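Given these sequences and hints, build the entire structure.
Protein chains: 2
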Amino acid sequence: MNFVIIGGDAAGMSAASRAKRNKPELNVTVLEKTMDVSYSACGMPYNIADPARDMEDLVVRGAEVFRKKQGIDLLTGRTARRVDPKNKTVSGTCVDGSGFEYPYDKLLIATGARAMIPNLPGFERPGVMVLKNLEEGRRIKAHIRTHEVKKAVIIGMGYIGLEMCEAFRELGIDVDMVKSRETFLPWMDQKLADAVESELKANQVGLYPGRRIHSIEAEGKKKLQVVCEDLVLSADMVLVAAGVLPNSEIAAAAGLKLGAGNAVSVDETLLSSDPDIYAAGDCADAVHVVSEKKVWIPLALRANRAGWAVADNVCGKAAALKGIAGTAVFKTFNMEVARTGLDVHEALDAGFDAAETVIESRSRAHAHPGSSAILVQLIGDKASGRLLGARMVGKEGVAHRINALAVALHVKMTVEEFSQSDLAYAPPFSPVWDPMLTAANQLLKQL
Amino acid sequence: MNFVIIGGDAAGMSAASRAKRNKPELNVTVLEKTMDVSYSACGMPYNIADPARDMEDLVVRGAEVFRKKQGIDLLTGRTARRVDPKNKTVSGTCVDGSGFEYPYDKLLIATGARAMIPNLPGFERPGVMVLKNLEEGRRIKAHIRTHEVKKAVIIGMGYIGLEMCEAFRELGIDVDMVKSRETFLPWMDQKLADAVESELKANQVGLYPGRRIHSIEAEGKKKLQVVCEDLVLSADMVLVAAGVLPNSEIAAAAGLKLGAGNAVSVDETLLSSDPDIYAAGDCADAVHVVSEKKVWIPLALRANRAGWAVADNVCGKAAALKGIAGTAVFKTFNMEVARTGLDVHEALDAGFDAAETVIESRSRAHAHPGSSAILVQLIGDKASGRLLGARMVGKEGVAHRINALAVALHVKMTVEEFSQSDLAYAPPFSPVWDPMLTAANQLLKQL
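Chains as they are written, first to last, in my numbering: chain V, 29 to 475; chain F, 29 to 475.
In short, the hints are calculated from the structure, not lab data. It is possible that part of the hints are untrue.
To be verified - Pairwise CB distance ranges, derived in the manner of DEER restraints: (1) F/R173 to V/L199: 47 to 53 angstroms; (2) V/S400 to F/P303: 44 to 50 angstroms; (3) F/P397 to V/L235: 38 to 44 angstroms; (4) V/E444 to F/D85: 30 to 36 angstroms; (5) V/E198 to F/K322: 49 to 55 angstroms; (6) F/K249 to V/E198: 57 to 63 angstroms; (7) F/K473 to V/S126: 39 to 45 angstroms.
What the hints assert, rightly or not - Sample of chain V residues with no beta-carbon within 12 angstroms of chain F, all distances over it, derived: (8) P52; (9) L54; (10) R109; (11) R110; (12) G125; (13) E176; (14) Q218; (15) C343; (16) G344; (17) P455.
If you're wondering where the values come from, they're calculated on a predicted model, not measured in any experiment. Built from N, CA and C at the ideal position, the CB exists for glycine as well.
Here it is as structure tokens:
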């Protein structure tokens with residue numbers, strides 16, 4: 029049986045490896061358009077921040093290991109261009125321009141996502157970069173090495189932008205961040221967003237939300253200008269981190285149903301609308317465990333997990349994924365920012381009678397040295413008492429705390445039940461009442 | 029209505045404050061035998077470690093605040109000696125030797141726990157100390173300040189001993205730890221215990237488990253000797269941290285039923301076997317959410333929570349606590365050690381068909397600088413697939429991770445369900461597969 033996979037990153041290679049482990053006799057072919065497979069994309073900002081590190085150290089497992097040790101037919105430099113569901117083939121072009129066509133019995137589309145580039149003048153100029161795949165990471169690192177980059181402008185204020193902001197500052201590069209939308213971090217309460225904003229400002233980052241961007245222009249021979257409605261920002265380089273788009277065009281062209289965010293619509297088994305084609309990773313949608321609606325939230329863990337589930341299903345070991353909570357964390361300078369579940373707007377949109385609370389607590393016990401503020405926002409449903417989502421910001425202990433709330437969302441816990449959880453306490457790590465419990469107790473008063 | 033509370037620490041003062049908030053017209057009387065109320069007992073090792081800190085900074089809220097701002101009749105220096113359930117009175121002695129007697133309508137016994145002192149010769153010698161209440165903390169700090177303490181011996185290897193071990197070393201004091209029981213940390217897998225042991229040894233701590241202790245003798249005029257079966261340890265002071273006992277004698281003498289660990293047996297509403305007497309905090313037992321059996325695991329969060337629940341029940345707002353997971357964390361030097369739920373022996377004793385796994389993962393993503401080992405032990409039930417308990421050791425990210433597993437225990441999640449949790453990932457905080465998920469995936473193979 030031929031199991032063909034388009035895309036050799038998290039979902040694709042997870043599926044390929046597991047399929048081979050499940051069934052060594054399976055023919056597993058991976059078609060990857062770049063020369064890179066199985067690397068830690070999320071690690072790129074940290075790698076870029078350190079000139080002494082080799083970009084290649086982000087490669088988790090080299091192509092040769094997959095080929096020789098695992099017997100996967102891993103083909104890099106092959107861009108899949110067309111899926112023919114009727115004849116069950118994938119065709120496309122190799123790096124040298126020649127064509128290829130492979131027959132499949134089961135196909136996995138794991139084409140990932142790409143950085144969104146606004147359709148505005150000047151975004152094609154040299155020095156305007158995006159960061160999604162390893163090649164783009166190498167390009168940014170090379171640009172910084174070979175150019176005198178004193179100032180970068182980041183378009184967008186999402187987590188990649190905020191991580192890259194820290195990376196630039198570590199390299200001594202000045203940073204301005206700009207975006208069209210008015211609100212800095214719209215998916216969390218203003219108080220939490222303000223704490224992150226303060227951290228950025230303390231690190232001399234210029235923040236310009238609510239500035240409509242017109243174009244990127246040349247400034248002299250070497251520099252660039254990001255031209256906004258009422259603002260011009262000079263830069264030695266521009267990073268466009270304005271969001272991502274699913275690479276679902278090949279699926280759409282093959283007649284597959286698209287779902288949330290124009291990602292490939294899949295069921296719990298990761299099957300698309302074609303009975304022999306799966307989709308997984310950043311190009312596929314998922315069910316949200318809170319709203320039970322389809323969402324597109326491309327994240328690494330889901331990609332890996334979905335890759336495994338596809339492999340199991342292809343090999344006859346039925347696997348179904350219940351859904352995602354949209355749990356995510358990022359660090360910017362010394363601030364940890366975490367989220368899981370719905371924000372207030374999403375909760376209202378999903379039909380919940382949403383209530384929310386925001387509390388400020390401390391990262392360590394009363395009088396314990398080194399303590400810092402932790403802000404917790406919790407969202408609950410007045411009708412059912414259910415916990416719907418959480419946001420958290422602080423200098424320590426935020427990244428892992430959010431997981432307790434994520435687990436609670438998976439099991440549809442009420443705020444009252446969560447408030448009764450027996451959480452860990454020791455003075456270096458928490459007040460007796462963990463900030464999450466303080467928030468839950470507070471939210472209860474509104475439910 | 030008279031609501032009388034014996035004991036003015038976590039459970040007692042939580043109950044007193046909340047009762048007054050619930051019902052300002054209630055007469056709330058607290059009888060506290062020491063002069064201290066509402067302090068962070070768990071913070072004492074960290075305070076002792078820092079000669080510049082005042083012991084009093086551990087007091088969360090002073091007695092005067094409770095008295096004047098909250099209107100609580102807070103009586104310190106009153107040792108309750110007898111409860112008469114028939115006539116509904118509490119009697120005892122004041123610090124000046126005079127007697128007192130108070131009538132109650134509802135009584136809360138919140139007498140806490142005390143350090144266990146082995147009934148062996150020499151434990152009464154000057155320089156042999158325990159650490160449970162603030163007065164004992166002051167005594168230790170004064171002893172270190174006024175004596176030339178170069179070497180301490182700690183009897184016991186529980187979390188207070190291990191926290192104090194770090195405190196002594198920070199003060200430049202050499203430490204030996206000794207106990208009769210053979211196994212260093214019997215409630216976790218050997219690999220995890222070994223990691224903690226390595227951390228202690230790297231900090232020049234002498235560890236002597238499995239040494240039966242005979243006596244404490246004088247060595248010359250100033251020093252002490254801890255005399256064991258085949259070992260003599262010299263010391264300038266000895267800390268006895270060999271476990272704690274519930275202060276349940278007054279309850280037993282009043283005819284109340286004792287439960288697990290000889291603590292006062294209480295139901296979900298914290299009511300004892302007498303319909304007008306509650307017990308809460310370290311002197312009361314609780315239901316374990318995993319085994320559903322009564323246990324005695326004295327911890328600060330439960331004490332606070334139980335105090336609140338008693339106040340609500342006394343004030344006619346029905347409150348029931350489902351139970352505890354025994355979630356706890358401590359730090360010793362740079363090692364975080366966390367637990368929740370049952371260990372393998374407890375699981376077998378509780379009738380589960382226990383299986384376990386131990387995995388080693390990393391605290392940060394592939395190739396991310398500053399990463400360190402995280403060891404996770406998970407215990408599951410082969411019959412039901414349920415998660416039963418977890419143990420974790422590592423230099424970062426352990427203290428808060430354990431809470432995700434604690435929540436899972438509260439809702440009786442299966443290992444399979446937990447393995448599907450959407451946990452947070454970013455390179456500074458975790459591999460893509462959080463160590464907890466790696467452990468769950470591994471344990472699943474045995475279930």
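Hints versus structure:
no.	hint	result
1	F/R173 to V/L199: 47 to 53 angstroms	holds (48 angstroms)
2	V/S400 to F/P303: 44 to 50 angstroms	holds (46 angstroms)
3	F/P397 to V/L235: 38 to 44 angstroms	violated (28 angstroms)
4	V/E444 to F/D85: 30 to 36 angstroms	holds (34 angstroms)
5	V/E198 to F/K322: 49 to 55 angstroms	holds (54 angstroms)
6	F/K249 to V/E198: 57 to 63 angstroms	holds (59 angstroms)
7	F/K473 to V/S126: 39 to 45 angstroms	holds (44 angstroms)
8	P52	holds (18 angstroms)
9	L54	holds (21 angstroms)
10	R109	holds (29 angstroms)
11	R110	holds (31 angstroms)
12	G125	holds (34 angstroms)
13	E176	holds (26 angstroms)
14	Q218	holds (22 angstroms)
15	C343	holds (16 angstroms)
16	G344	holds (18 angstroms)
17	P455	violated (5 angstroms)
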